[in-house]
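Chemist: Dock chain one against chain two, each of which comes alone in its own frame, and use the hints as you go.
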Amino acid sequence: MKPKAQEELIYLDMTLKMPFKWRTGEPMGEFFRELKANGKIYANQCPKCGRNFCPPVNVCTRDHSRCSEKDKWVAVGPRGTVLTFFISEQSFLVPTTGEMLKVPFSVGIMLLDGAPVTLQHNLEETDSEKIKPGMRVEAVFKPKEERKGNIFDIIHFKTIKE
Amino acid sequence: MHNRVAIVGIGQTMHSGRRPYVNDGELIYDAVTKALADANLSLKDIESVMLGNMDLFEGHHLNDAMLSLYSGAMGKPGFKMNTGGTVGTMLAIQGWYHIASGLFDTCLVIGWEKHDEGPATPAITTITDPSVDRPFMVGAIGGLATISIDYMNRTGCKLEHAAMARANASLNAARNPNAHLRDKYSMQDVLNARMVLYPLNLLMCCPTSLGACAMVFASESKARKITRKPVWIKDHVTVHVEYGGAQFGVGEKRWTSHMQAGSTIFKRNHITNPRKETQVFEMYDPFAFAIPSWMEDFGICDTGEGWKLVEKGAIALEGEYPISPSGGVMCTNAIGDSGMLRVAEAALQIRGDAGEHQVTREVKQALASGFGGSYWTDLLLLSKTTD
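Protein chains in written order, with the working numbering: chain A, 30 to 191; chain B, 52 to 438.
So that you can see chain B by itself, here it is in the shape it has in the complex (with noise of 0.2 Å):
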């Protein structure tokens, strides 16, 4: 058995594309104390810190060293992660687990890019094996373009759907102060952009943004007399995939991490109905068709009928099961927060304090999910209460 852990303190910087005059460390400083004064505690009511981020993006290797000087981590246990994609959904199951253990009552986590200080695809690219796999990558956006060709090849799913998903991203970032790319766009004006990798076009795929995220998590003791608004995980789950083909659910036979998270997640919670049972999901979503596609994998809703409740407007901030109402990753994207905004997003939903972009539903349990990198999915669940 494990002790319960809650969210306590939320912090986010905002999200741009360039920032020449702030650097890396004054980013986490930026979040950390915004987190800490959400939480209204000082840096020595923290026992451990944890940071994250994706090293070769700024070509800065072991930046944990250099920046706890900013982080607060001087004196403090903690480790790094750099998990790619997941950087920030690890973070948070990592705070989770120090909390869980028992071994901490405080623990505060930190990610963060800068994503204006390195070339971004061809540092995603040295993932992948360079003897087979490395000359035909390029970055993130190439295996999401065959998820995206897989899905519409599958489902009947068009262009269309996906710009409607991408567009109504764009009406909640224009909502969200802290989001990076805050344009309204139509469903026509997405269809319109230019082609990058096909089918993906420009307004499709996630941008590279700049931007940090900080939570400070506690024990449930020391949750309750620092907040009257909690919020609780109530479970959360990490799934790895084959190499390979099997990362984007083409193969022999189909089977995604998503896939297993989502059903692990929701059988384990006795959860039947999850668009009944959460009430939001923010999910890591860095292109156009990863919201239909992957409402099916998480088992939100049937296969094939993702796009048809996009279509509907389901997904929309006052819609029957709001998805991203922060804008989600296709409006911001700095890797190694954009997993832990899924779950500072989704918490700040069920707080009720998300302002012009809470979604109109009441909010008591909520997904977050992270995906990527190594560890390829992260799906965790929040709760107002701890029943």
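For reference, chain A alone in the conformation it holds in the complex (with noise of 0.2 Å):
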């Protein structure tokens, strides 16, 4: 009989660590391009219902048609309404950088004025206390030299009273 071996080898460690790219396609390479230029959120609009999408889209997600960047674009925001958030008090791994997230981070879903399709992104505020739904916010964007074109030109959306 094989005599046993002394050593357990009941895993073998494994890491993926692939490199992809993501076309974001037109409408999102444009309101990349509208952040990082102007300081602008803009929603694209669906050619055949008029219905507003902030984060754009390609089609539209209702009647199905086609949107380009030639379509109708609106300027949206920056002031909002937060409809729903959570806090992290724990981090977590990013798959899009490989890096832990630091904490605390907040995070709100939130209907950008003039815009009926949500986005989310993170806020400033971060005390369960003084976040609320229906809260008015603002996005705050970094300053034009540091702007890269993605989706964290803007900063965070800061609380704000009206």
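FYI, nobody ran anything at the bench for these hints, they're computed from the structure. Even glycine gets a Cβ: it sits at the ideal position worked out from N, Cα and C. Any given hint could be a false lead.
[To be verified] Label-pair restraints from in silico Cβ distances:
1. A/K46 / B/P228: 35 to 43 Å
2. B/S314 / A/D142: 28 to 36 Å
3. B/N243 / A/R108: 37 to 45 Å
4. A/E174 / B/R245: 39 to 47 Å
5. B/S314 / A/R108: 33 to 41 Å
6. B/D180 / A/K77: 16 to 24 Å
7. A/A104 / B/L120: 42 to 50 Å
8. A/K33 / B/T411: 30 to 38 Å
9. B/L120 / A/R95: 43 to 51 Å
10. A/R108 / B/L120: 56 to 64 Å
Modeler: Okay, here's the thing in structure tokens:
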């Protein structure tokens, strides 16, 4: 009989580290160009039903018609209303960067003024006593020279009083 | 018109957080063997095999290829499901399609997950749009926390009510030998747990478990020969959602896939009082607010009534309308089998074979739901009889 090995090897460690590219599509590209160049948040409009989308879409979710960057764009926000939120007190791995999130951080699901579709982003406020659904917020942009044409050109949404 | 479909065999493994000496194939083999034994069938009686989990959780793509050794799929038709939270219920529904079509008399369906082999939260996060959503998403619980805040804000539900639902689940799981988390908790114990993602603390989130569940489906003529206790799949529905805030029931107008699924099933089956006409609900309840808020969304009770029913103890094993008597997803969550366990446990309640966690009221019809991933809601109506 085969003598039993001393060391138990019941796990093989493996790490999947695979590079990917993500094509944002033309409307999302236009959205990011506006964030970077002008510090403006734009929604694109379905050419058929007129519904505004922010973040923009390539295809209308309601009537399935094609939306292109040449269709109508509408400036929305930068103010909006928080519908719901969460506050994380535990850190998690971010698959897009491989980094751990800094805690605490909060995320709000918001309706920007003029947009019927929700956008999520970080809230400046991370105290659960101070965030309430219905709260008004406003986007805070990075200075122009620091903007890169991604969603983090908006630092976060700060609480405002109106 | 379609053929009638019955569940004739049910098998599940024990569930736990870690089993270092067991690999994924062995889990599947265990569940399959138990399901076949329950139906008193052998693999040669099985005409088609369906398998499902979430590939990225174990970092093993197209695992149905390698796992055919354990699933028994070799030489047989079938396919792999990978729809996230709804994998298990979707497998049951696909099993139904196989039999209902009249093309097969038997179908074996298997759902499994082995969460201890990889990082679940970053894997789930990859289901979202990387350009605008992924940076802000923390797996499944981010969305579940936003649903909780919205529910508390709309109806006046408090953290205490979620803690009551979780405490009740712990009492149920303590009676279920296959459940993962089996410690008993009081409402206060739950409230004292470490905060993870406000408003959800550690006990209010589902665990990451490992385990498998398998079921055998059969046509009517076959089912009557196989078992004296077939459980009939009377109806089922799947509802997809618009990507974005609509997933969480927030937006211009409140609409959720659970709302559409519940109203569809009840209308189609002429059910006007679901708490009387169905006697138990194995709900896919991955967070402590799920039971009160989704009872309302499914139409089990009125808006704002869910947390009041929890407060009254209606959802307990011996209550007016028991929910997840197995302990539910909050106590056992191996994602690929979580949905299938809901169907399997609801069927065991109808058979009267749930053992220690059998509900006290007589079960003639039961509901089982699946939630999450891509096809957001699955809802199945099971019945003791074919009428």
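Chemist: For every hint, state whether the structure bears it out.
Modeler: Consistency of the hints with the structure:
| no. | hint | in the structure |
| --- | --- | --- |
| 1 | A/K46 / B/P228: 35 to 43 Å | holds (40 Å) |
| 2 | B/S314 / A/D142: 28 to 36 Å | holds (32 Å) |
| 3 | B/N243 / A/R108: 37 to 45 Å | holds (39 Å) |
| 4 | A/E174 / B/R245: 39 to 47 Å | holds (41 Å) |
| 5 | B/S314 / A/R108: 33 to 41 Å | holds (36 Å) |
| 6 | B/D180 / A/K77: 16 to 24 Å | holds (23 Å) |
| 7 | A/A104 / B/L120: 42 to 50 Å | violated (59 Å) |
| 8 | A/K33 / B/T411: 30 to 38 Å | violated (51 Å) |
| 9 | B/L120 / A/R95: 43 to 51 Å | holds (46 Å) |
| 10 | A/R108 / B/L120: 56 to 64 Å | holds (59 Å) |
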